[in-house]
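In case you want the letters, here they are:
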Amino acid sequence: MRSPIPVFDCHGHLGTHPDFPAWKQSAEEMLQVMDLLNVEVLAITSTRACNNNCPRGNAEVAEALQKYPHRFRGYITVNPQPPGEALRELERWSHFHHPPLIKLHPECHQYPVNGEHYRPVWDYANQTHAVVLVHTWDSDPKCGPLLLGPIAHAFPQAKIILGHSGVTWRGYEQSFAVAAEASNTFLDITGSQSHRTIIERAVARFGAHRVLFGSDMPYLEAAMVLGRLLSARISDEDKEKILRTNFASLLEEGHD
Amino acid sequence: MAAWNVFDANVRLGHSGIHGELALETGDLLEEMDRLGIQRALVSHFASEEYDAEEGNNLLASECDERLTPAWAALPDPLFIQKLVTRDPQAVHLSFGVKKHNFSWAPWCSGELYEYLEENSVLALVAREDIEWDSLARLLGDYSRLQVLLLETGYRAERYLFPLFKQHPNLYIDTSTYVAHRQLESFVDKFGPMRLLFGSRLPLYTAGAALGVLATARISDDARLAIAGGNLRRLLGRKSQ
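Residue numbers (our numbering), protein chains in the order written: chain F, 1 to 256; chain V, 1001 to 1241.
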């Protein structure tokens, strides 16, 4: 099994993780898997930045971008604490991409996505038309999908990707509620729970242009999400949008 | 996929009061299996988990197609074991959880059941959420001939699983939630392919996910065939030997 078209993957990582062994997670090993599955571009976040140290983690992403500029895109991961660090990181790595890609992980950073310390980040995202990938989880008080609805309305120029779409069946329902109200939100199908019929429901309700392919490589197996999508009962045209066109378009929207 | 002769080790059948329209009756389940190239499945019944073990077993008996092998609900009560024996089971599903069949895994409660399962080479399915790791380790140690298929381990459990695999040769897992990056091929590198069983978690999950993982694992064709169905056929075949 291989994607019939080169994939633009909106949700990847770089690095290891504390709670289970990391297999084949170097940039080079990920590139082997990307070639195997026909993933042309993977947008990566540093797991070090999500879990421990943003400045060091973002520097690792910078290194990967320098080494493999045609295969990786880099999210700038920001932590709302201590106050001020987030904007410093956004300025420091502003050369990554235009529009900028920003990653928020309120669960790992233990701070609610609608909290005051995130406000400068949302202002920055709105001003720069940034693509903001937010980790979401069903009903979580820090990153439940429903928290993103008011944010999407308050910062309409930001393109908000609901990372994992809330993960669980109920999380997807919450993400659908947000997507129905805010056109600047997008549903990321990355996740360990491969709910039957959920992709079909998302496409039927919102159209394929609101759905993005993400793998979570090298946390999760990219072939799992690829298998979910390729076996979904949607048209080939819709699969092409999800696999490539939608995220590629988001990356390009800030260009002249 | 058809050439793999896929035998899915983790499927549920029938009406569900929890999962609504995701649940599939026999005809629709077989249609979904056909669509994805799955030849056979080992099935539990939602009614067993959600309502009554014996009622679910009766429904399994009446609703199972020849392509569907029952994983009968089992309780430790002597009278239930007697009824189970009449079904001549190849596999049972032990649902220890307090919101399921609510009984202890421990020998003082379930010892008689384990002895029957061991003596008759019956495969025992246990969902990870229904047993703690320490309890599983003791169960495998106390009943070393019991073949245990641990379902839905998740992808973050290797620091528990690997020591258990080293110590207990009759432990197996299904692949439905064993979905970390390159995890399947890394397992095969470490332990070989004989203790991994393809599982989809149909009808709750799409089988396309687990099939995608198996299809793209960088393992030998023999290993892929074993995981796809050969291992489960071997385990169920022990019953008739």
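I should point out that these hints are in silico values taken from the structure, not numbers from a laboratory.
The model shown is predicted, which means the values in this text are computed figures rather than measured ones.
Virtual Cβ for every residue (Gly too), placed ideally from N, Cα, C.
Some hints could be false.
Said to hold, decoys possible - Taking lysine to any residue pairs in the SDA-like style, the calculated list, with each CA pair at most 25 angstroms apart, reads: (1) F:K67 x V:M1194; (2) V:K1166 x F:F20; (3) F:K24 x V:W1108; (4) F:K24 x V:K1100; (5) F:K24 x V:A1215; (6) F:K24 x V:G1154; (7) V:K1190 x F:W169; (8) V:K1100 x F:F20; (9) V:K1100 x F:T168.
What the hints assert, rightly or not - Taking beta-carbon pairs under 7 angstroms as the criterion, some of the chain F residues facing chain V (in silico): (10) I5; (11) P6; (12) D19; (13) P21; (14) W23; (15) N52; (16) R56; (17) C108; (18) P112; (19) H153; (20) P218; (21) L220; (22) M224; (23) L226; (24) I234; (25) D236.
Once the shortest beta carbon distance from L220 (chain F) to chain V is found, is it less than 7 angstroms? Since the shortest Cβ distance to chain V is 6 angstroms, the answer is holds.
Is K24 (chain F) within 25 angstroms of K1100 (chain V), Cα to Cα? 38 angstroms, violated
Going straight from one Cα to the other, do K1100 (chain V) and F20 (chain F) come out at no more than 25 angstroms? Roughly 29 angstroms separates the two Cα atoms, so the pair is violated.
Run the distance test for K1190 (chain V) versus W169 (chain F): straight-line Cα separation, threshold 25 angstroms. Measuring from Cα to Cα gives roughly 34 angstroms; hence the hint is violated.
Residue hint M224 (chain F), partner chain V, criterion CB-CB below 7 angstroms: Because about 5 angstroms separates M224 (chain F) from the closest Cβ in chain V, which is inside the 7 angstroms limit, the hint holds.
Below or equal to 25 angstroms on CA atoms is what counts here, so check K1100 (chain V) against T168 (chain F). 21 angstroms, holds
Interface hint status, I5 (chain F) versus chain V (Cβ within 7 angstroms): 16 angstroms, violated
Please work out if K24 (chain F) and W1108 (chain V) have their alpha carbons no farther apart than 25 angstroms. 44 angstroms, violated
Does P218 (chain F) pass the interface hint, meaning its C-beta sits closer than 7 angstroms to a C-beta of chain V? 4 angstroms, holds
Evaluation of the interface hint that places P21 (chain F) against chain V, nearest CB under 7 angstroms: 6 angstroms, holds
Could you check if L226 (chain F) really has its C-beta closer than 7 angstroms to a C-beta on chain V? 5 angstroms, holds
If you draw a straight line from the CA of K24 (chain F) to the CA of A1215 (chain V), is it 25 angstroms or shorter? 18 angstroms, holds
Against the hints set out earlier in the document, violations occur for numbers 1, 3, 4, 7, 8, 10, 11, 15, 16, 17, 18, 19, 24 and 25.
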